Amino acid sequence: MVTLKNDYSELEKTAKPKYAAKAVRHPLFGYIVLTLILMAVQLLFIFGDGIIPLNVTQAIMQTMIYVVAGLGVGILLMMAGLMSFGTGAFIGLGTYMAAYILKDMVAPYTLILAIVAVAAVLIGIVVGFISLRVRGMHLIIITLALATVLYTLYYLPNSFTGGALGVSRVPFPELFMFLKTSRDTIYFVILFVMFLLIVITMNIINSPMGRAMLSMSNSESLAQAMGINLLKYRLLAFIVATVFSMLSGVLYISYMQSSIYATWTSGLAMNILIAVILGGTAKPAGVLIGSFVIFTVDYAFLKNIEFFQKNPQASLFFNGIVIILIIAKYPGGLIRLLGSIRNGAKQTAAKVRLYRYGPEK
Amino acid sequence: MAQKNNSVNKPAMRRFVKKRDKAYDSLIFNEKYPDVACALIDQKNLRLLKQRELKMKKRLLPLEIAALPASDKNEVLFARELEAFKKSQDLPRRAVEQTHQRKIKKAGELAAKQYRDGAVARLDAALAAKTEELRQKYPGGVGSAVDKDALARYQQAEMEETTALESFMAKQAADKKRRLDSINARIAAQKPRLDEAFNTANEKLRASAVLDEASFGKDNILSIRGLKMYFSGIKAVDDLSFNIKKGEIFGLIGPNGAGKTTVFNCVTQFYKPTGGEVYYRDRYGGVVSLTDYKTPEIVKVGISRTFQNLELVYWLSILDNLLVGAHGFYRANLADQFLHTGRLKREEEVFRNRAIQLLDRLGILAYKDVPPFGLPYGVLKKVELARTLMSLPRMIILDEPAAGLNDAETEDLAEIIRVIRDDFNCTIFLVEHDMNLVMAVCDTVCTISFGKMLAMGSPEEIQNSKVVQEAYLGTE
Numbered sequence: 001m002v003t004l005k006n007d008y009s010e011l012e013k014t015a016k017p018k019y020a021a022k023a024v025r026h027p028l029f030g031y032i033v034l035t036l037i038l039m040a041v042q043l044l045f046i047f048g049d050g051i052i053p054l055n056v057t058q059a060i061m062q063t064m065i066y067v068v069a070g071l072g073v074g075i076l077l078m079m080a081g082l083m084s085f086g087t088g089a090f091i092g093l094g095t096y097m098a099a100y101i102l103k104d105m106v107a108p109y110t111l112i113l114a115i116v117a118v119a120a121v122l123i124g125i126v127v128g129f130i131s132l133r134v135r136g137m138h139l140i141i142i143t144l145a146l147a148t149v150l151y152t153l154y155y156l157p158n159s160f161t162g163g164a165l166g167v168s169r170v171p172f173p174e175l176f177m178f179l180k181t182s183r184d185t186i187y188f189v190i191l192f193v194m195f196l197l198i199v200i201t202m203n204i205i206n207s208p209m210g211r212a213m214l215s216m217s218n219s220e221s222l223a224q225a226m227g228i229n230l231l232k233y234r235l236l237a238f239i240v241a242t243v244f245s246m247l248s249g250v251l252y253i254s255y256m257q258s259s260i261y262a263t264w265t266s267g268l269a270m271n272i273l274i275a276v277i278l279g280g281t282a283k284p285a286g287v288l289i290g291s292f293v294i295f296t297v298d299y300a301f302l303k304n305i306e307f308f309q310k311n312p313q314a315s316l317f318f319n320g321i322v323i324i325l326i327i328a329k330y331p332g333g334l335i336r337l338l339g340s341i342r343n344g345a346k347q348t349a350a351k352v353r354l355y356r357y358g359p360e361k
Numbered sequence: 001m002a003q004k005n006n007s008v009n010k011p012a013m014r015r016f017v018k019k020r021d022k023a024y025d026s027l028i029f030n031e032k033y034p035d036v037a038c039a040l041i042d043q044k045n046l047r048l049l050k051q052r053e054l055k056m057k058k059r060l061l062p063l064e065i066a067a068l069p070a071s072d073k074n075e076v077l078f079a080r081e082l083e084a085f086k087k088s089q090d091l092p093r094r095a096v097e098q099t100h101q102r103k104i105k106k107a108g109e110l111a112a113k114q115y116r117d118g119a120v121a122r123l124d125a126a127l128a129a130k131t132e133e134l135r136q137k138y139p140g141g142v143g144s145a146v147d148k149d150a151l152a153r154y155q156q157a158e159m160e161e162t163t164a165l166e167s168f169m170a171k172q173a174a175d176k177k178r179r180l181d182s183i184n185a186r187i188a189a190q191k192p193r194l195d196e197a198f199n200t201a202n203e204k205l206r207a208s209a210v211l212d213e214a215s216f217g218k219d220n221i222l223s224i225r226g227l228k229m230y231f232s233g234i235k236a237v238d239d240l241s242f243n244i245k246k247g248e249i250f251g252l253i254g255p256n257g258a259g260k261t262t263v264f265n266c267v268t269q270f271y272k273p274t275g276g277e278v279y280y281r282d283r284y285g286g287v288v289s290l291t292d293y294k295t296p297e298i299v300k301v302g303i304s305r306t307f308q309n310l311e312l313v314y315w316l317s318i319l320d321n322l323l324v325g326a327h328g329f330y331r332a333n334l335a336d337q338f339l340h341t342g343r344l345k346r347e348e349e350v351f352r353n354r355a356i357q358l359l360d361r362l363g364i365l366a367y368k369d370v371p372p373f374g375l376p377y378g379v380l381k382k383v384e385l386a387r388t389l390m391s392l393p394r395m396i397i398l399d400e401p402a403a404g405l406n407d408a409e410t411e412d413l414a415e416i417i418r419v420i421r422d423d424f425n426c427t428i429f430l431v432e433h434d435m436n437l438v439m440a441v442c443d444t445v446c447t448i449s450f451g452k453m454l455a456m457g458s459p460e461e462i463q464n465s466k467v468v469q470e471a472y473l474g475t476e
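First to last, the protein sequences are chains A and B. Numbered by this note's numbering, the letters in the first sequence go through residues 1 to 361 in order. Numbered by this note's numbering, the letters in the second sequence go through residues 1 to 476 in order.
Take the hints with a grain of salt, since some may be wrong.
[Stated by the list, open to error] Far from chain B, by Cβ distances over 12 Å, these chain A residues were calculated: (1) I32; (2) L34; (3) N55.
[Claimed, not checked] Beta-carbon label-pair distances, calculated as ranges: (4) A/I324 to B/N406: 30 to 36 Å; (5) A/S340 to B/E133: 45 to 51 Å; (6) B/C38 to A/S340: 54 to 60 Å; (7) B/R135 to A/G48: 57 to 63 Å.
No wet-lab data here; the hints were simulated from the structure. Model, not experiment: these values are computed from the prediction. C-beta: ideal position from N, C-alpha, C; glycine also.
Extracted from the complex, chain A is given alone in its bound form (with noise of 0.2 Å):
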């Protein structure tokens, strides 16, 4: 046998590298395929001629609306461990104070989501210091409060809320000054913001602040012991879903262009809350399923069907069932369902190959 001068093994070992099972891997690969997917959804509702209906796009765009107030509510809930109803309340002072804007001045849109972060993050403060010094069911209680003075706020009559007829006719943003937005490419906006807060929501998860906040929710003598003041990261997480929540009230109401007391109740903040619990996690995964159940589901398929036209309380009723259903089977949240399929199909194809070869020499 002939011998060669180099050894060649190498190279019959190594594969080529596999960059995409690598990009697979990357933790943001399946929010930029959504992204994309929602983007291709949209291209086609506007050039493809019907193949889309237009409730599937509203519906779509709903629920991007809502993920985005669920992403703060998550990192509140499942990883500060901390329960608020003012969600709703705050969405509903998003869309007041954009209006505000909208209506009297021509703003870029970056500097109106600006100016509503900063006063988010003051008015989570102000709110998360008088609030915060309880804990539990008193925490719960004292934002469930908080929703109702605001909710009674936005109904008395005044020009900022527009009181019981609230405000309408909110002419579309404008991108940079110049790029004017129309129902159709609002859509784009609302995606980027959403993928935006996706990739801020997984920096915070992954950073030593979510570490903190899910250690100081674990146990709070451990978390002090480990030099994590508390106060300090209830507080953050309060910010962080405020925050998330007057953003995404921004969002609805350049979709909408209208904006009316009676929808910013607590039962919207319940609404988000069960679609977080569904997923079961506070990574953008788990919200984006939760939501996509508790949202998408009832706006874009049940409104079609003439029974739940009819009778729109029987929506909530299939909603109820639906819910059930989701907690008995996994009590864990629909993130497991992931897990579970991810394993399912590992498991399968191990044992096919083990029917087919045999076990492994």
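Assemble chain B onto chain A, guided by the hints.
Just chain B now, with coordinates in the frame of chain A:
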């Protein structure tokens, strides 16, 4: 006995403590970062080098075969292709065997044998056909004539590739040197400023020291003086005083309800003592009164604790649990954390590196990526110990470390406690019920009962002490 200096301006002190800690954290980070960066660059360079070598071999292989003598050339090509074909038949052959096993159960031995013989014969026939085809394709060459052009081409390519590889390595080395130089230069540029900030703040704090050196005691690290802790009339700790020397293993024992854990909580400021003082020599060499600090600040002066019941975060992996222990030492601010800037990534790298080293030292590196669900109790205890070590402690407080461990694990724990004391220069202060552990590891043992001290001394003295025996077993 010297009195506590009560004229300390607390807000100012807090400000200086913050400044000093910030400078100190940066100094510590700067000390560790070059090694970590060097290891990371090496790791990446090795990977790239391997890729480059593969590329080189890919180019050289056909050229080298072409340059072989005529008789060898075809033989090599024939052998390589035949080998590849045989390899491609591996899986079908295994499938045949597996089907054979199944058929034995279903259709009987005879049918199974028939099937297998047929299938193997088909595979063998395919192999034979391929061999024949390859023989045709590569007839055995004759003579040792070498294609001169091919040889020249091969030699040319080999020379080119070798120089390219060498220059690649040189480039990597130069790149590494440049990056390390820039890191070192940045660190060197920061050093005077950090040193000055640290020294100024430290000097200010020294000037307002709560207790002078002489009355604290030169060897001591912790001094508890007249500690009182009353819970609405119940005297959990009543006028307790003792000193802990630097580098010793100090055990606190006593019957149930003696107030041992209350002493711990008074030291770590989970409780504010009703009276008395807890003096401590911090990592910067000055004496401080721990009652001036808030609970989360205690870990920064170098006191780290474990818990009687394990307090691990079950949603995080073991490695991330350890990173929680380093929480106070991150300098990355909130904006860095929202946006995951390079600064946060650098710091994460350093702490991750330290966590892996610690897990390796305690022999539990295999568990680093799993959450703590369902792991053995002994492992979880070690994780807690490793987490306390993440915060660069000078004194570790262990609350019943042997609770729930079996004899073998307890012995293991005793060994680890000694290792921590010797390798990490820590003083260890432990509360324990397991007398075997206490007598085996402690240098000094203090016995308390109903919040008052009974006896203090070496383990032998305590074992022979009459008062202690009475407290544990009762009087006759």
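Report the numbers of all earlier hints that the structure fails to satisfy, in ascending order. Hints 4, 6 contradicted; others consistent.
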